[in-house]
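**Student:** Listed below, chain by chain, are the residues.
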Amino acid sequence: MEAETRNRPSFANIKVDLGAGDRIIAEAGAMASMSSSINVTTRWNGGCFGAFLRRIFGGETLFVNEFTTASQGELVLTQPMPGDIECIELKGTTLFLQPGAFLACEPGVNLGLGWAGIASFVGGEGLFRLKVSGNGKIWFGAYGGIFAKEVEGEYVVDTGHLVAYEPSISIRMGMAGGIFSSFFGGEGLVTRVTGPGRIYMQSRSLDGLAAWTNGQIW
Amino acid sequence: MQHEIVARPAASVVKLNLDAGETITCEVGAMLAMSTGIKVETTSGKKGGKGGGLMKGLKRMFSGENFFLNHFTADRAGQTLILGPQLMGDVVHHNLSGTLVVQGSSWLASEEGIEIDASWQGFGKALFSGESMFWVKCSGHGDLFLNSFGAIYEVNVDGGFTVDTGHIVAFEDTLQFKIGKAGASLIGSFLGGEGLVCKFTGQGKLYCQSHNPPSFGALLGPKLKAR
Amino acid sequence: MFDDDFLDGEFEGGVFSKDIDGGRAGASIRMDDLGLIALLSDGEQFFLSYSECNLEIGGASGRMVFCRNDDRSLTIFCEDKKFTAALERASGGELLERLEEINATGRRRSLAGQFGFWGFLVGCALLLVGGWYGILWGARAAVPHVPFTVDQQLGEAVYEQALDEVAQMTGEEKVTLIEDDAVRLPLQKLVDDLAVHSRMPQVKFQVLVCDTEIPNAVALPGGRMIVFRGLIDLVETPEELLAVLAHEMSHVTLRHHLQSIGESIGVIVALDILVGDVGGLVALGAEALRAAALMSKSREHEHEADLEGVRMLHKAGIDPAHAIGMLESLPHGDIPDALDWLSSHPDIEERVAAIRKLVDELPPRAYSPLDFDLEGLRAAMRNRVVPAEDAPENKDGDRKKVNAADAKPENEKREEALAR
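Protein chains in written order, with the working numbering: chain B, 41 to 258; chain V, 211 to 437; chain D, 724 to 1143.
It should be emphasised that the hints constitute simulated quantities derived from the structure, not laboratory data. Hints may contain errors.
Unchecked claim - Straight-line distance between alpha carbons at most 20 angstroms, and here's what the computed EDC-like set of lysine to aspartate or glutamate pairs gives:
#: 1; chain 1: B; residue 1: K171; chain 2: D; residue 2: D803
#: 2; chain 1: B; residue 1: K131; chain 2: D; residue 2: D916
#: 3; chain 1: D; residue 1: K1038; chain 2: D; residue 2: D903
#: 4; chain 1: V; residue 1: K433; chain 2: B; residue 2: E44
#: 5; chain 1: D; residue 1: K741; chain 2: B; residue 2: E129
#: 6; chain 1: B; residue 1: K177; chain 2: D; residue 2: D803
As the list claims (entries may be wrong) - If you want the footprint, here are the derived chain D segments under chain B, 3+ residues with CB under 8 angstroms:
#: 7; stretch: 732-745
#: 8; stretch: 778-789
#: 9; stretch: 836-846
In this text the structure is predicted, and so the values were computed from the model without any measurement. Where is the CB? At the ideal position from N, CA and C, for every residue including glycine.
Construct the complete structure from the given sequences, taking the supplied hints into account.
**Tutor:** Quick look at the structure:
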């Protein structure tokens, strides 16, 4: 199976060349186009109950699609928002994803739901996070461009801009500056991350776009 | 006429070099900039007002295009014109010889001489294809420019190909398409979020867009305040 | 010594190192008496001795332990709860002090995290339960504010469908109604006389008689009542017939249909808010789940209708104990579950007990027998005129109107019903 992420970072989409026996799993609605030789099977996203939890708290879809082919075919996967898609190879490692970030993965990857903590919820990062582990590639996307950073020590990320992070990263919510700059400086709450580990950030946030649009409407 | 498309796939614009007498027809609002030697004529049909403009104009409105068209003509050599669509997205050039069926609102500009006609795509397809009800049929020879939300990618279909509803930009009329379900079961199709898909058969060129506006709208919409 | 013990302990964790392609990898961690050994799935090994081991605690869970060398070029980490204990044993005191600090921090964080998590779960459960009852309560609370004309319109709307369902049960293509005044009017009078004592005396009940041997009666929202011929044949006394009618009328005056609908809508809306794509669920047959979830409501409705029926009988001066007799004499054969009156026959003992309890609590009053000619009604039914299409052909090949009594198959079935 060959997969290429094209048109990064604005309208990233994944072009997958599937061969006989290859399988790729993607969230519902991710398929943009595919060869006629590709078969789609739909199943619950990790068992019926798990799927519900993932939908309500993980921002994921209730169902996932598995794409296979008997011969060979081409498949294009995409995400609802314009933005970047990142591909990571998991080698027995784990990655935490923000709700809604997960796009697709290879069969050897497990999708689970992890508790993110009330602090994370207050900080707008969600109550739960998606935990991907195992062996294989996973693709996740975000609104805006995605860039990675190796963190050692403490680092500050604006809320709503953290897409994914390794489990070795600890997350705390805090204020950007003092109370004044927090409210009037437009930064408000921030996420303080402590390494060692890698974090992935997105260069734009949907909430930012919504806030701007709301300002135009009213 | 020479063309160059820059800043693909998100902020795409077309830079055109026009020679004396060359005309290009564009959708209203597409012009970003032009040199002084270009004349603009706005009609509801062909340049010069020939040939049944009113009906065509109305049909165009239904297809998501504007009632009016702008015709840009260079009155001397070496004129430049820069065109771009309204939304973030891609622009692609197609060398037309024959007929290309273009999804409503994806037509950006075409050389004079290419016939642009909005047509009805039939009930079932209209309702379920996720595209607009009308298509714009472009026939003739020359340069044609398409725009989209998302990146445009080209597929040379030979046999069959499946495209999710909302992702079709344009296709040659040698291709047929029908609405069908994505997977084997109808329920699976709906649960799997693919719902109904468009299955193309035949041989020809197909342009797809990587993203579709309704999905983005569905994500962003709930965050917006109701008026 | 204890070498064998902790050489057995293997922990799942990971390694950060520049020597690894990608900078990190999952690893299996062991400890010997010199240090930590991390084994990668591709066979690579990393070693960190206790003497150069610096310990930190952190990570997303707050409980991840990091073992790092001085220049931080190598980090071995693990989240396992037993890791620190094993490390303490294996390192033989070298890392004791640092480990104690770590353990304390870990326990504190763990406790806080656990509290948050379980608190959330409990909160969710309360919300779900509260939400569920809230929906049900909300539906019930809203119903009295809905005008009765809505019930009537609903009854109109489902009338045809109800008749179709009855036809399905009887196995016939279409339901036949007995239009004869001699049959309908006495029943209508019976109902009208009783309606005066109902909770909503202004409701006009309309009685229809259905020609089938199934012993049942059904009330549609708004006041239409369908009484089945089989019921008239089955009851032993006119008071028993009245008891059934009282029960059915109670469903209408207590507006149970509206309540059920309100609850269904409430559940669907709640699901929609939570899950966002009810369409898919419906396709899956979650309809069935919802119906099943709400079925317990129908038992409550039955119970309410039983009690209200008793109350109406008492007010009308009829002995409510007849309702008990009715229930107890019901045939327990295979009656379709969809039928209203018999919808939950396993609970008949419960229902009888509840009715008995209420009857005992009612203030004593003189009851009179019901002045109703049951035999006359039955005779009128037997002698009713059957529509020409259903009449058997006579010898001349002409179809004539005949008396119902002469229509053979019906006769036998009726006798069976009476004999039960």
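**Student:** If any of the earlier hints don't hold here, list their numbers in rising order.
**Tutor:** 2, 3, 4, 6
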